[in-house]
Structures are given as structure tokens and as C-alpha cells.
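Asks: Listed here are the chains, written in short residue letters.
2 protein chains.
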Amino acid sequence: MTVTHPKGFRASGVAAGLKPSGNPDVALVVNDGPDYTAAAVFTANRVKAAPVLWSQQVVKGGVIRAVVLNSGGANACTGSQGFRDTHATAEHTASTLRTTKKMMIGPGDVAVCSTGLIGELLPMDKLLPGVNAAVKALAADGGEQAAQAIMTTDTVAKNSVASRDGWSVGGIAKGAGMLAPALATMLVVITTDASADNETLDAALRAATRVTFDRIDADGCMSTNDTVLLLASGASDRQPSLEELTAAVTEVCHDLAQQLITDAEGATKHIAIEVAGAATEADAVQVGRSVAGNNLVKTAFFGNDPNWGRILAAVGTTTAAFEADRIDVAINGVWVCRNGAAAEDRSKVDLSGRDVRVTINLHEGELNATIWTTDLSHAYVHENSAYSS
Amino acid sequence: MTVTHPKGFRASGVAAGLKPSGNPDVALVVNDGPDYTAAAVFTANRVKAAPVLWSQQVVKGGVIRAVVLNSGGANACTGSQGFRDTHATAEHTASTLRTTKKMMIGPGDVAVCSTGLIGELLPMDKLLPGVNAAVKALAADGGEQAAQAIMTTDTVAKNSVASRDGWSVGGIAKGAGMLAPALATMLVVITTDASADNETLDAALRAATRVTFDRIDADGCMSTNDTVLLLASGASDRQPSLEELTAAVTEVCHDLAQQLITDAEGATKHIAIEVAGAATEADAVQVGRSVAGNNLVKTAFFGNDPNWGRILAAVGTTTAAFEADRIDVAINGVWVCRNGAAAEDRSKVDLSGRDVRVTINLHEGELNATIWTTDLSHAYVHENSAYSS
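Just so you know, the protein sequences line up as chains A and B, in that order. The first sequence maps to residues -1 to 387 in this note's numbering. The second sequence maps to residues -1 to 387 in this note's numbering.
Heads up, the list lumps identical chains together, so a pair's fine if it works in one copy or across two of them.
List time: in silico EDC-like cross-link candidates among lysine to aspartate or glutamate, alpha-carbon distance up to 20 angstroms: (1) Lys346 with Glu118; (2) Lys5 with Asp139; (3) Lys58 with Asp195; (4) Lys267 with Glu381.
None of these hints come from the bench; they were simulated from the model.
Produce the complete structure using the sequences and hints provided.
Replies: Below, the structure written as C-alpha cells:
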């Protein structure tokens, strides 16, 4: 139920000593073809890690035959040496696959992803031997090992599959903090054995991420390293339509995104902010993100407090079309606010469970969007103050 | 050292029973003239509390003779009844001052400010008798009582004075959370016995708030009730130039803004984000706010972690002119980042004290700005999750 579920892929995850814990920290995903088409989405952060700058070039080349990923260091803000290290990692991966696996592969066919602390060089004396071990460990059922090797503060590995008639889409993901609009510290590798050209893959991936990874927000912080890769092997010999492919990729992205939010650092609540009645979808997204990113709203939910006033105050900071005296707000189905003022008794709201649904009706139109977020807890503060990450 | 330091003002603060604690919760500031000119700045939040909507009209009228303020309830998101309650409060204040103090005053001369929980109607049966008591308690040295009566989660009352030759500016402020760019849950009343027309007061107040209250950010949340009022009595018979008046008002605003940040909910650090070398002042402000509002930066400082990588990641989310490989960052004087990569050893940074200075040099131009903020602590989460506010 992972990246090696679609035919034509092998993967592995090994411990190279990058993590002080000794846990697995180098992952490899290889596309054995016959196709090597690919698409990618990267962080919108203008401070981009070396592996992001590298992989942007690789995907422009139109072929990805392997993805090498490491946890234990982001290789971000590491200057020209950091870029040389990423280049060396791709070179070493390609040459090892050529010599030991007889693959026809050059460094320009190898995407690189890194995650961990910003601002420190990677220990190449550990990473390169780790790549050797990862190549040796490649297996047709190695996807779950790869998912484990990219974990940082994640508490569980994230895997997903969408199966179709004769073909499938699989994925792995990591990311537990820095989840934000326009991606977050997430590394995601999605595979499919469908046959599709680069343009089709790109269209499917952008359509999928727009309504999944781009609509989760754990702490409003945008990472330097976010990467979502989609690799197609064509090994199923099926060629789904763009609509079929988009639906399957979206299913995997949605599942992985929900796993990310569920496992977000310190979260005690899984909160859906559903904005309805918006004049435009962009308005609905803007309002949802504003509420999802508001620390006072997030601390209120941590305290099981149905504080709809803080929700209205967050809506008020947006440029969306609305009139303050026409907004309705429900929390877990109780309409605590009608026409911008108190309505049903807030004490009727049951916040004892983990799942929270906030519904905001702007009464301006027909469009809607949902943003998923978490609460702001003591555990979040602890995790992000006690350790550098 | 408060609003009653300038000549021509009386003030009071009384307990009306709005706060469950029984602490003072109704304040009154009266301008005894001979001038009654005024200026004001209000929240940019599009969801505005009833007293904000009311006071916006009052200040347009050009005369403010009294300001009545209450804590214990924001009167925000309270619909048409909330606005009628604000109107009734102004009516009652004016009629009580007319009948018991022989003042020539109508409701349109009375600004109203409220702070506390959003979404609940004020208990008018307690507030109006409180106004009577506040009128009765008016005193030429009552400013500090007024400052105490507007406190919510503030731990100390905020007062300030700037003295000049023959005239002065005084101020009171409240606000401890929801401090954000473009004002915050802050109520501020500034007085001066200088003589100045409304246009001069408006110019001085906007110039002062732009570089003081607009440059502090405790938790990125913008309030529905923020109000900064400037009242001039002309009682000193001095007419300072716009530059002189602006300097004195800025001095008081800066002092009060620093008091607000020092007392911000749960803060253990007082952090100055100084952005230098910016192409424009707007770029410097945007970068400073992005860093100041970043939860990962704020939790790092709570943990005494000089995590400059999180600072660069926050800079990267802005549209300011910069090149990632030219940015320098110092924390408390140690240049931990040069040219976008690690420089001096981060272990040299001493974060044991309360004051933190982050210096970011973009190397794009000559302009700069400083944003003041706080860390994100367990106490912040506790205060904002354990109580509705």
C-alpha cells in the first residue's frame, strides 16, 4: 500500500547514521520503466534548499529514474558547498545504480530530497555509504522502508494507494511541522504504473495538490524543502484519461495530506474549516486559511472552547467578499453565530472528540473550500522549542 | 505620568461589576478644553465592534469631549442591539456630565471603547450605573485609575508622558494579546494640552502609530476593537509645530507600545527584529513582520535556540527584494549567518536574558525598520486556551 504497489518500482530505506537516533535516514525509489516520465511541485519559499534547486532542474529534463531522499539534515542555507553536495549525491546514486544494477542512468535523472535542520552541511562521509546500502537494499516491496527512512518528527510512516482496473497510484510522505499553504516541510513521492506523458502528469499533479497539500496548514510556516514528485513507469500498459489519472492522484494526495495533519506536531485536534457561500473559490480558500492560521482560534480549540468570536475576527482580516452582519458560523453542527451575532448556546457544542468541523457561511455566493488544520497545544510549543529542527 | 498630566483633563476608573473579579472595569477621560480637537486610528479588521463603528462617527464630527471605556466585554459581533447599547452608553455619559458637571456635551462628543470577550452583549444594568460612578469620581489626577480600569489580561497598567517646555503629551493603554500589525486589541487614549487643529493631530497621530503600534506583533491576530485616540485641550496655550507634536506623540506611543510587548500574554522574551539594507521601508517592514509572526521562530526563542534557519525560511515567504545567498543574520550581535549560510558558531549566542535582538541585512539598499515581538511560550497557550477572551 505504498510507492512500490504500482508495477515498475523498487524502493529501500536504510540507516546511514545521519540521525543521532540510529533510525533509517536514507531512502531510494527507482523507476524501472519502461517509461520514466515525471512531474513535480516544489515549495513557494524563495529561500530554497540545494536539493530543491537541483530537482527543479532534473524535472525540467523530463526524466526521473531515481529519487534519493535523506532525513537528518535539510541541506538548506548551506551555500555553494551545499549545492555541490547535492550534485555529488546524485552522481554517486547514478554511478552506483549503473555499476551494481546495470541501469542506464545519469546524475541528471536523479531527483534529490532532504529534510531536517536548516543551515548545516550534510555529513557526506555518512550519506554516500548510505546510498550504497540503499541501492543494495532495493526491493519490489521496499516502499514502506522508504517511508520510514524519511520520517523526522513524524510519529508514523505515511503510505497510500489508489487502485484502479489494471493500474494504480501509490505514495509515501513525511511532514509533521511547518505545514503551510503552498506546501510545507513535506516530502512526497507518488508513483504510478499508468502510462502518461509529462504534460498529463503535470496537469494531474497540480490539480491534485491544489485541493490537498495546498489546503492543509499546521502552523503557517512554509518550508525551504517541500517537494512532491510524481513518477510514472507505464508498466501497467494502461493509459488512463487525464480525469481518471487526476482522480487517482488526488485520492492518494488527499489520503497522505490527512495523514500529515493527523500526525502534525503536538496536535490534539483535527480541524476542518469549511467555508461555504463564498463569491469565489479564492475567497473561500483565503477565509479558511485565515481562520486555520489564527493562533487565538487554535489555542481556543486546544482548550475545547467554541470561541466563535475569534473566528469572526480572523474572517475580518481577509479581503474576501462578506458583510460582517450576514456571516453564520457552526461548530460541530451547532450554529453558534447567525448574522454575525450570537445564536445557539455555545455550551451545546461538544468539543470532547479529536475531530472538529467549523462551517462558515458567507452568504455571498455558491462557492466553497475546506482547509484542514490542527490546534495549538503545549506539545507544539514543547516540540518546537526543546529541539532544533 | 498619565493622561491627566497634560492640563485640561480629568479621568477616573471604577468597578461596575462587569468583571467577575470585581476589579475596576469602567474608565472615563474628560477634556475640559478650551479646545476639543481630536484624531483617532482604528482597527483595520473588517469585523468592527459596535464602539469602533460609533467612535469612527464621533471623530468625524471633529470634537471629542469625553471617552468612556469598559473592560469585561468587547461588544463585538453583537448585532444591532450591540450598537444601540454603545449609543445608549454615549447618551448616558453625556447626560450625566451635563446634569452633574454642567458640561456642554452631547452624545456625539463621546467616544466609546470596549474590550473583553467577543460575541456577548454588555450588561447595561451594570455599565450605566458604572458610568454614574465614573463621572462622580472624575479627578485631575485620575489617569492611573483609568489605566487600571481598562486592563484585561494585562498584568500591569500602562501609562506614559512626554514633557516639553510648557506643554506635554500623556497616554494610557491596555492590551496583552491579539497584538498585531495594523493595531491589535489595544485601547489607547493620548492627551495633550498643546493647541492643535484636527488635521495636525491626525497627521501627528498617524505618523506616530505607523512606527510604534503598527510595528509590534505579539501573536499576529488582529482585534475587532483596536482604538487609539488623541485628544487636545489647548490648556497650555502652546502651539507646537507638527514636527514637535509628532515627536512628542511618537515618544508616548513608543513607550506605551514597548510596555504592551513587555506585558504580552505569556511572553518570556522581548524580541526586536531589525531589518537593514532593504530596498524600501515597506520591504523592511514586510520582512520584519514575517519573521515576527513565524511560530517556529517564536518557539525557538522560547527554547533559547538561535535557529537562524527558521529566520531565513520566514524571510523567504516575503515578496521583498533579496537574494537568498546575500542575506546576513545576527542574533544578539553574533553573525550566525553570512551570505545565506552558516557563519559564526551559533553556540556563541547568549539567549539567557529577556531581550533578544535579531538583525537581518538584506544588502539591497539603505532602508530599515524594526518590528518588536515576543516568543511563543507554554504560558501563551495556557492563557489563550484556558479562558475565553
